[in-house]
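Peer 1: Line by line, the protein sequences are chains P and D. Just so we're aligned, residue 1 is where the first sequence starts under the numbering used here, counting upward by one. Just so we're aligned, residue 1001 is where the second sequence starts under the numbering used here, counting upward by one.
Treat the hints as calculated values from the structure; they're not laboratory data. All values reported here derive from a predicted model rather than from experimental measurement. Cβ coordinates follow ideal geometry from the N, Cα and C atoms, glycine included.
Here are the in silico distance ranges between beta carbons for each label pair:
{"id": "1", "chain 1": "D", "residue 1": "Q1081", "chain 2": "P", "residue 2": "S66", "range": "37 to 47 Å"}
{"id": "2", "chain 1": "D", "residue 1": "S1014", "chain 2": "P", "residue 2": "K62", "range": "46 to 56 Å"}
{"id": "3", "chain 1": "D", "residue 1": "E1015", "chain 2": "P", "residue 2": "S87", "range": "27 to 37 Å"}
{"id": "4", "chain 1": "D", "residue 1": "N1059", "chain 2": "P", "residue 2": "A2", "range": "20 to 30 Å"}
{"id": "5", "chain 1": "P", "residue 1": "R15", "chain 2": "D", "residue 2": "K1056", "range": "47 to 57 Å"}
{"id": "6", "chain 1": "P", "residue 1": "Q80", "chain 2": "D", "residue 2": "R1067", "range": "40 to 50 Å"}
{"id": "7", "chain 1": "P", "residue 1": "R14", "chain 2": "D", "residue 2": "R1067", "range": "41 to 51 Å"}
{"id": "8", "chain 1": "D", "residue 1": "T1005", "chain 2": "P", "residue 2": "I54", "range": "21 to 31 Å"}
{"id": "9", "chain 1": "P", "residue 1": "E52", "chain 2": "D", "residue 2": "E1015", "range": "47 to 57 Å"}
{"id": "10", "chain 1": "D", "residue 1": "S1079", "chain 2": "P", "residue 2": "P61", "range": "41 to 51 Å"}
{"id": "11", "chain 1": "P", "residue 1": "L38", "chain 2": "D", "residue 2": "S1083", "range": "21 to 31 Å"}
No more than 27 Å apart at the CA atoms, straight line, and that leaves these computed lysine-lysine pairs for DSS-like:
{"id": "12", "chain 1": "D", "residue 1": "K1106", "chain 2": "D", "residue 2": "K1060"}
{"id": "13", "chain 1": "P", "residue 1": "K44", "chain 2": "P", "residue 2": "K27"}
{"id": "14", "chain 1": "D", "residue 1": "K1106", "chain 2": "P", "residue 2": "K62"}
{"id": "15", "chain 1": "D", "residue 1": "K1056", "chain 2": "D", "residue 2": "K1077"}
{"id": "16", "chain 1": "D", "residue 1": "K1106", "chain 2": "D", "residue 2": "K1077"}
{"id": "17", "chain 1": "P", "residue 1": "K44", "chain 2": "D", "residue 2": "K1052"}
{"id": "18", "chain 1": "P", "residue 1": "K44", "chain 2": "D", "residue 2": "K1068"}
{"id": "19", "chain 1": "D", "residue 1": "K1077", "chain 2": "D", "residue 2": "K1052"}
{"id": "20", "chain 1": "P", "residue 1": "K51", "chain 2": "P", "residue 2": "K62"}
{"id": "21", "chain 1": "P", "residue 1": "K51", "chain 2": "P", "residue 2": "K27"}
{"id": "22", "chain 1": "P", "residue 1": "K44", "chain 2": "D", "residue 2": "K1106"}
{"id": "23", "chain 1": "P", "residue 1": "K44", "chain 2": "P", "residue 2": "K71"}
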Amino acid sequence: NAGVMQNPRHLVRRRGQEARLRCSPMKGHSHVYWYRQLPEEGLKFMVYLQKENIIDESGMPKERFSAEFPKEGPSILRIQQVVRGDSAAYFCASSPRAGGRHGELFFGEGSRLTVL
Amino acid sequence: GDSVTQMEGPVTLSEEAFLTINCTYTATGYPSLFWYVQYPGEGLQLLLKATKADDKGSNKGFEATYRKETTSFHLEKGSVQVSDSAVYFCALSATNQAGTALIFGKGTTLSVSS
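Please construct the entire structure, taking both the sequences and the accompanying hints into account.
Peer 2: Shown next as structure tokens:
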């Protein structure tokens, strides 16, 4: 049973380019979460999606960042016009039901974005 | 808003030493509490959890007790091993927000030497 799959594992972009990060949740999971891990800052929630719906995007920067989880295919986190401050590890997690009090999220190995 | 505060790292211990990593939280309502572990180069894995006051979560020799009176969920292990070297994250999930993701602390790095 494959776990949460993220790709690419490492991505290098120049300032101003676009970055697309993909996440395929575990089989049977319809809830996807994106987190950003910055050095010395821990893990910060960005967005929570269910199939075709954004449930909570309170942690997403207002500009340049967007996320989707289409009916078919992986969830995608898109960062337009990247800046050096976007360099971080981006983790995707999935769960079979809403996070809530059950709370077990299954994490992928992360995508490490480096902006030159 | 809800938040989690963990002790600053890194924590450096010798093998077989006793481990405590402190975690306190601020939340409205009655959250569930979790400890996740991140080994080098990997994603986070759930280590243990507790869903109500006085519950004790345990796994792989690690334990943590949900203390409502002190709003704490400290992680302990009686005898650490080199393989326990990792980053440990305390997290909470509020019960009145069914769809909300977990809120994590900043993480505490544990380094165990033989």
